[in-house]
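Protein chains in written order, with my numbering: chain A, 28 to 371; chain B, 28 to 371.
Take the hints with a grain of salt, since some may be wrong.
You can't tell identical chains apart in this list, so a pair holds if it fits in one copy or across any two.
Pairs of lysine-lysine, DSBU-like flavour, derived with a Cα cap of 30 Å [claimed, not checked]:
1. K295 with K225
2. K302 with K225
3. K225 with K328
Rather than coming from a laboratory, the hints here were simulated on the basis of the structure.
Protein chains: 2
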Amino acid sequence: MGSESDECCRGDGVILGVDGGTTSTVCVCLPLFPFSDHRRLPDPLPVLGRAAAGCSNYNSVGENAARVTLEQVIAEALSRAGKDHSAVLAVCLGVSGVNHPSDQERILNWMRGIFSHHVKIYVQNDAVAALASGTMGKLHGCVLIAGTGCIAYGFTEDGREARAAGAGPVLGDWGSGYGIASRALTAVVKAHDGRGPKTTLTNCILESLGLPSPDEIIGWTYADSSWARIAALVPIVVSCAEAGDEVAEEILNNAVHELALSVKAVVKRLHLAGKDGTDYFQVVMVGGVLEANKTWDIGNKVIDSVLKAYPGACPIRPKVEPAIGAALFAWDSMMKETEANGHR
Amino acid sequence: MGSESDECCRGDGVILGVDGGTTSTVCVCLPLFPFSDHRRLPDPLPVLGRAAAGCSNYNSVGENAARVTLEQVIAEALSRAGKDHSAVLAVCLGVSGVNHPSDQERILNWMRGIFSHHVKIYVQNDAVAALASGTMGKLHGCVLIAGTGCIAYGFTEDGREARAAGAGPVLGDWGSGYGIASRALTAVVKAHDGRGPKTTLTNCILESLGLPSPDEIIGWTYADSSWARIAALVPIVVSCAEAGDEVAEEILNNAVHELALSVKAVVKRLHLAGKDGTDYFQVVMVGGVLEANKTWDIGNKVIDSVLKAYPGACPIRPKVEPAIGAALFAWDSMMKETEANGHR
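Whole structure, please, built from the sequences with the hints as guidance.
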């Protein structure tokens with residue numbers, strides 16, 4: 028493509044960003060910014076269209092449901108922007124559950140079915156969208172996401188990457204909302220059958236779920252396999268900890284330890300803090316577990332723990348949502364590719 | 028019914044015992060022993076027919092699959108015994124996942140559809156079948172099952188009962204085969220992403236699963252929701268612990284702690300060890316995790332821990348399978364009901 032047709036396309040062309048989490052999926056449609064300097068990005072960013080839908084992690088809801096959710100949320104965001112699929116120049120999908128090249132390939136194939144071949148399609152873990160929402164599209168630094176699931180992901184300026192956790196509930200994501208809540212439910216069961224200390228979690232959780240007795244917890248837990256349904260109990264655990272319940276406090280302290288450990292593992296592997304461990308680097312903090320903003324603030328405690336090991340860590344709480352981060356990543360990547368082609 | 032017709036029925040009549048575990052389901056068909064004295068039971072017990080099938084825990088496989096499995100395994104055991112459903116006088120189903128009166132009611136309704144109204148039907152947790160396999164039908168003492176799942180269940184002579192654990196993988200059954208194996212998989216992920224120490228579990232598990240890299244563990248774990256598939260990795264964890272791997276040893280020590288804690292919670296709540304905690308009581312030990320019979324013997328370590336708290340605990344490793352325990356429970360319960368009716 029010549030530069031003339033590029034400019035022409037860009038006038039009407041749009042970029043899409045998709046944030047596919049374990050609880051919900053959001054797609055935003057932005058105009059293509061015809062420059063590559065992040066400092067020139069308008070504030071606030073113009074969002075032409077936005078749509079939201081349910082979970083698109085196919086480990087949780089299955090392949091068909093995940094695919095339909097992604098296709099529908101994209102179609103709806105375009106429709107609200109008054110655009111159709113042919114206006115799309117680039118799209119970045121940051122989807123939880125993408126852990127492997129074969130996962131990327133699967134979603135890429137779904138997208139190849141709805142976009143023409145010249146569209147730039149980037150498929151990433153949802154951590155990439157979250158990081159980009161704090162760095163306005165650039166992949167550099169570390170992001171910690173703790174919502175229903177949790178993951179720490181880091182990138183160096185020269186393109187190396189590393190991740191920790193993000194392995195789902197079976198594989199020890201104890202800092203996630205699901206991990207915290209399942210430990211709280213376990214504490215209720217253990218208090219009831221004599222294996223653990225009494226805890227105020229029992230009455231608070233039973234009341235919240237409308238269950239008459241701890242005997243009903245097992246049936247409730249397995250009645251539905253949704254991870255988000257379990258994770259929704261996190262605010263109760265935080266309330267109980269704030270009221271001084273030691274069992275709840277121990278669960279949250281353990282979550283803080285696990286989350287901080289994930290960040291530190293990524294920073295160490297990528298040498299993000301430099302040789303002596305004191306260099307400046309950004310830690311983007313995303314997700315409901317870290318946004319509690321209460322007396323018992325999980326996010327602040329994680330940062331405190333990271334700062335003890337790496338005093339140059341700079342926490343960032345993004346001002347835009349991860350879907351916009353995904354769109355900015357698509358824009359940044361596409362501009363870099365265009366520039367690289369232009370320099371050939 | 029008069030005693031004459033009772034005797035007549037008993038000549039041809041049979042009793043069924045079903046052990047419905049998380050991995051497999053077994054049904055046995057025994058003749059009705061026309062007496063109620065356990066000491067008169069023949070040794071070995073005559074088994075007229077036996078059949079095995081897959082999982083019948085509906086929390087794991089769903090209601091329809093569980094129901095079909097139970098109906099088929101019963102029909103096959105009867106067919107192999109050369110009997111039909113009309114010969115059945117009593118049946119006991121000990122099924123994992125039965126935690127609540129509504130669970131019992133559901134399975135009872137399934138059985139009412141295939142047996143006529145005069146058949147005695149007992150629906151219990153599979154722990155009851157396991158205990159009865161060690162006590163030859165009597166419900167007294169404590170049973171610890173640790174296979175794919177785990178549970179401790181206790182009964183007093185006057186009919187009180189208590190249980191601990193048996194809450195499934197989401198609710199902290201860390202002493203189960205699933206719990207041990209999922210912690211081992213977690214240790215591999217943590218070693219790989221820098222959150223945990225190196226462990227020989229990594230190479231041993233990857234080799235066993237035919238996976239080229241720890242990156243593939245997440246995909247393998249969520250590709251199939253069967254709990255038994257995960258639990259099948261327990262022998263690898265035991266081998267690694269025997270070879271001195273500290274991570275594997277810590278996982279097994281934690282499992283021993285959790286299993287012993289379950290037994291002790293039940294014994295304490297039921298006062299099975301009497302007022303001063305030294306009375307004799309039986310602990311029936313069942314399930315693959317406890318039957319390892321290796322250098323690193325989980326079952327023996329659990330018993331050691333229980334004996335420290337309750338020196339009167341007497342471990343029993345049953346000589347018959349749990350399905351026969353279920354059949355003996357059906358026989359024992361039916362004879363007691365008949366005697367009680369006769370005394371009216």
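Going through the hints against the structure:
In the homo-oligomer, the alpha carbons of K295 and K225 lie at most 30 Å apart only across protomers (16 Å), although the nearest pairing inside one protomer, at 39 Å, exceeds that limit. Taking identical chains as interchangeable, the C-alpha atoms of K302 and K225 lie at most 30 Å apart only when they sit on different chains, with a minimum of 23 Å there against 47 Å within one chain. Within a single copy, K225 and K328 get their C-alpha atoms as close as 26 Å, and across copies as close as 27 Å, so both meet the 30 Å cut-off.
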